[in-house]
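Use the sequences and the hints to build the structure in full.
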Amino acid sequence: MTTVTMTVNGRSVTADVDPRTLLVDFLRSNLRLTGTHVGCDTSQCGACVVHVDGRAIKSCTALAASCEGAQVTTIEGIGTAAKLHPMQEAFREHHALQCGFCTPGMIMAGIDIVNRKGTSVDEATIREELEGNMCRCTGYHNIVKAIETGAAGMAGAKQAAE
Amino acid sequence: MTDQGIGASVKRKEDLRFITGKGQYVDDINRQGQTYAVFVRSPHAHANIKSIATKDALSSPGVLAVFTGEDIAADKVGGLICGWMIHSKDGSPMKAGPHPALAQGKVRYVGDHVAVVIAETLAQAKDAAEKVEVDYDVLPAAVDPAKTQAAGQPQVHAEAPNNTVYQWHLGDKEAVDAAFAKAAHVTKIDLVNNRLVPNAMEPRAAIGDYDAGLDTFTLWTTSQNPHVARLVLSAFIGIAPENKLRVIAPDVGGGFGSKIFIYAEETVCIWAAKKVGRPVKWTAERSESFYADAHGRDHVTTAELALDANGRMLALRAATKANLGAYLSTFASSVPTYLYAPLLSGQYNIPAIYCEVDGVYTNTTPVDAYRGAGRPEATFVVERLVEVAARETGRDPAELRRANFITQFPHETPVIMTYDAGNYAACLDKALEMADYKGFGQRKAASAAKGKLRGIGFSAYIEACGIAPSRAVGSLGAGVGLWESAEIRVNPVGTVEVLTGSHSHGQGHETTMAQIVSSKLGVPIDSVSIVHGDTDKVQMGMGTYGSRSGAVGGSAIVKAAEKVIAKGKRVAAACMEVEEDQVDFDNGEFSARGTNKKMTFGEVALQAYVAHKFDPEKIEPGLKEGSFYDPKNFTFPSGVHIAEVEIDMATGVTRVDRWTAVDDFGVLINPMIVEGQVHGGIAQGVGQALLEGARYDESGQLVTASFMDYSMPRASDVPSFNVAMTNTPCPSNPLGVKGCGEAGAIAAPAAMINAITNALGHEDVAMPATPQSVWRAIQKMPAKAAE
Numbered sequence: 001m002t003t004v005t006m007t008v009n010g011r012s013v014t015a016d017v018d019p020r021t022l023l024v025d026f027l028r029s030n031l032r033l034t035g036t037h038v039g040c041d042t043s044q045c046g047a048c049v050v051h052v053d054g055r056a057i058k059s060c061t062a063l064a065a066s067c068e069g070a071q072v073t074t075i076e077g078i079g080t081a082a083k084l085h086p087m088q089e090a091f092r093e094h095h096a097l098q099c100g101f102c103t104p105g106m107i108m109a110g111i112d113i114v115n116r117k118g119t120s121v122d123e124a125t126i127r128e129e130l131e132g133n134m135c136r137c138t139g140y141h142n143i144v145k146a147i148e149t150g151a152a153g154m155a156g157a158k159q160a161a162e
Numbered sequence: 001m002t003d004q005g006i007g008a009s010v011k012r013k014e015d016l017r018f019i020t021g022k023g024q025y026v027d028d029i030n031r032q033g034q035t036y037a038v039f040v041r042s043p044h045a046h047a048n049i050k051s052i053a054t055k056d057a058l059s060s061p062g063v064l065a066v067f068t069g070e071d072i073a074a075d076k077v078g079g080l081i082c083g084w085m086i087h088s089k090d091g092s093p094m095k096a097g098p099h100p101a102l103a104q105g106k107v108r109y110v111g112d113h114v115a116v117v118i119a120e121t122l123a124q125a126k127d128a129a130e131k132v133e134v135d136y137d138v139l140p141a142a143v144d145p146a147k148t149q150a151a152g153q154p155q156v157h158a159e160a161p162n163n164t165v166y167q168w169h170l171g172d173k174e175a176v177d178a179a180f181a182k183a184a185h186v187t188k189i190d191l192v193n194n195r196l197v198p199n200a201m202e203p204r205a206a207i208g209d210y211d212a213g214l215d216t217f218t219l220w221t222t223s224q225n226p227h228v229a230r231l232v233l234s235a236f237i238g239i240a241p242e243n244k245l246r247v248i249a250p251d252v253g254g255g256f257g258s259k260i261f262i263y264a265e266e267t268v269c270i271w272a273a274k275k276v277g278r279p280v281k282w283t284a285e286r287s288e289s290f291y292a293d294a295h296g297r298d299h300v301t302t303a304e305l306a307l308d309a310n311g312r313m314l315a316l317r318a319a320t321k322a323n324l325g326a327y328l329s330t331f332a333s334s335v336p337t338y339l340y341a342p343l344l345s346g347q348y349n350i351p352a353i354y355c356e357v358d359g360v361y362t363n364t365t366p367v368d369a370y371r372g373a374g375r376p377e378a379t380f381v382v383e384r385l386v387e388v389a390a391r392e393t394g395r396d397p398a399e400l401r402r403a404n405f406i407t408q409f410p411h412e413t414p415v416i417m418t419y420d421a422g423n424y425a426a427c428l429d430k431a432l433e434m435a436d437y438k439g440f441g442q443r444k445a446a447s448a449a450k451g452k453l454r455g456i457g458f459s460a461y462i463e464a465c466g467i468a469p470s471r472a473v474g475s476l477g478a479g480v481g482l483w484e485s486a487e488i489r490v491n492p493v494g495t496v497e498v499l500t501g502s503h504s505h506g507q508g509h510e511t512t513m514a515q516i517v518s519s520k521l522g523v524p525i526d527s528v529s530i531v532h533g534d535t536d537k538v539q540m541g542m543g544t545y546g547s548r549s550g551a552v553g554g555s556a557i558v559k560a561a562e563k564v565i566a567k568g569k570r571v572a573a574a575c576m577e578v579e580e581d582q583v584d585f586d587n588g589e590f591s592a593r594g595t596n597k598k599m600t601f602g603e604v605a606l607q608a609y610v611a612h613k614f615d616p617e618k619i620e621p622g623l624k625e626g627s628f629y630d631p632k633n634f635t636f637p638s639g640v641h642i643a644e645v646e647i648d649m650a651t652g653v654t655r656v657d658r659w660t661a662v663d664d665f666g667v668l669i670n671p672m673i674v675e676g677q678v679h680g681g682i683a684q685g686v687g688q689a690l691l692e693g694a695r696y697d698e699s700g701q702l703v704t705a706s707f708m709d710y711s712m713p714r715a716s717d718v719p720s721f722n723v724a725m726t727n728t729p730c731p732s733n734p735l736g737v738k739g740c741g742e743a744g745a746i747a748a749p750a751a752m753i754n755a756i757t758n759a760l761g762h763e764d765v766a767m768p769a770t771p772q773s774v775w776r777a778i779q780k781m782p783a784k785a786a787e
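In order, the protein sequences belong to chains S and B.
Number 162 marks the last residue of the first sequence (my numbering); no jumps.
Number 787 marks the last residue of the second sequence (my numbering); no jumps.
Relax, there's no trap hidden among the hints.
In silico EDC-like cross-links for lysine to aspartate or glutamate, where the CA-CA straight-line distance does not exceed 16 Å:
# : chain 1 : residue 1 : chain 2 : residue 2
1 : B       : K11       : S       : E89
2 : B       : K126      : S       : D41
3 : B       : K452      : B       : D648
A short list of chain B residues far from chain S (calculated; beta carbon distances all over 10 Å):
# : residue
4 : G311
5 : D396
6 : D581
7 : G602
8 : I619
In short, the hints are calculated from the structure, not lab data.
From the three backbone atoms N, C-alpha and C, an ideal C-beta is built for every residue, glycine too.
Here is the structure:
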């Protein structure tokens, strides 16, 4: 066993884990943060995307031990039902989810796309950047629209904060 | 309330939990003391099991049990069933081999279930599973559906000689032969409808739990139809009587058909829970989804269309070999027969149709219903035939279709369907305009100027949804009735719970069904809760597939709501001291005609429960009504999709430049949700046409068993879709709805291939039209050949 300590959604957590424990299993099994999903075993589908130190990663491909001391943000950490993140709000507004299984990863990837590509990111760029996130329900049409709207919402939130 | 009722694009009620990570899928559920199951699967497509050594696995850390087929047999656990009896054209019943939950001496496909290891942790179960030693006597495998019936092929089941499950037919062969004999033109095509892996994003999962005190079982499972699962697990597999078995399908992450079926893993989890005395949890890894979720499609077809000199369709015939895989899955037998051939009339007035289907065994994963189930296969046959016929006879493909459209309803086809309503020309006209068909020539010239090919392709599809009238399907061999149930429980404060036997795994029932209730009872949708997916809460239901939830499940809700209103009128009449026939109900208000007496829905609900103002001899207290609704007919959604593609000649890469879809789903409950269903369906159909294909090598190894090898549609593979509707209400159900869940997947493959072959100028390209196969097809272009 190995001891890991990290900050998850602003809360410091420490646990003894099997060294082979993946970050996603640490989040889902140890912390019971089940919003982060596992849709494949080859790092293709993106249902497990979380942010580590501000960057999107696939938590099925990172060892929990490799996140020692890191700041981890999951879908549970970006907004609440009472105060949604602009990207969450945009997904709801544009019917960008059906079964909801890929949705947490999509939202976390969407936020990361905006962080990296800017708040006026265009459709072609969004489609290209979603290469690592699969959805079987929506045909992506509304997800792309939601990320465009979410980007604008994030710009607005940033302005309001400044 | 019309802003929330039928026809309103209200935002989904279920979304809040999904966007905040609060959904509860099976793998998110954990039971006290749960153990973990890992399956040992066959690495061979066909082999006899000489021995299974479990000693090392059993002595591994944390292992509680290892079970094999012998344990299943000793406990007399019944085999998995196929619930639809098909008879061959000679009248004999289909020939099916047994389908044990754990292999009995023989394995028949890669991924077949050999043993299960149950341990304290998942890692321990995985480690121990690798220590189960299975000694196989490897046999040659029958893999190709086109060859599996030939002499000398390996036999998958002794019960089915020549690997032939049935040789079925539908239609009038003599009439078709006579029509072909006098035809001015015959178009003949050979088609392969490629095998697909459904790949719902949530892998299948199960938790079996046994309560020794109550002697009851509970199964949490990723199911589209928990009541059917309970029925099969009770009546056929023999886990426990229905009153001792609860099946819960909580949030389910997509199904597309693959979660209809009752599989080995779920069966083993619920059985093993009692054996080990602890809850048993299993969650598929994605590679297991590829091996062990039922696949879709996999047809090899020759089809012909006969035209007269004026382009009128005279007859159609098709001969199909349908690969059913190594075992018959739950509804496998029905998909390439009664869900396929009855749709071969398309939108056209074709006087004679004949279809022969051989259902065959191979040493491959079982094949069953996948989004559209038989209807995409039929549409691909009809719409490829019509497009090729137009090209061969020098006719505009849109106009050849229009000239043969059915225009009078009801219309009885030669393949047992009676279309109740439709307006096919309306969809075509709207689609042609939206797609700017007139401007295609200019766009093609612009592409040519860039050295690129451009093509346009049509698909005028029909489907039979709203599955299904029970007596009709019973006469065709179905083992079940396909009605749906609804129960409306009005609370004393006027809020409403609706229990439905439908199951939502992405369709948005919590919203759309609340909208139906809102329209009927005049209550806001936030006052309506939809309860589904739990056999202890909902008494009985048939689940969600075949675009049936709105047309059948929604109609049951309407019927139950009408009974609530009728009861409410009796209560209101007593309270207002008027005759019952003097009470009207409109927009949530009961009123006494010719007076100013009024009661709100909530006031009547309260009075129904306090029961102070009516005679219990005449009116029972309470306000709760139920309905079992059995549809009169199938529904017949239709539409026209137009694909326009641009092909890079150097690389063979096909880019979908524009997609136009005009669908007629009748009345729309929530247009936003309907459009979303269309988008998703199109993407799956484009996936089939361009990207997806499950491939086996000659030994029966699935060489496309991960997302690394099986190409799923990504965001960059599809465009934004141009979607519109026409609305011809369905006369066969009280809502006028038809169903929209499968349309895109049904329409899209033919439109795509018609567009690509239009660009190429020849017909020789198969699905999936990958860059490599399109590049090869470019080399065969008439102009290229002349170079």
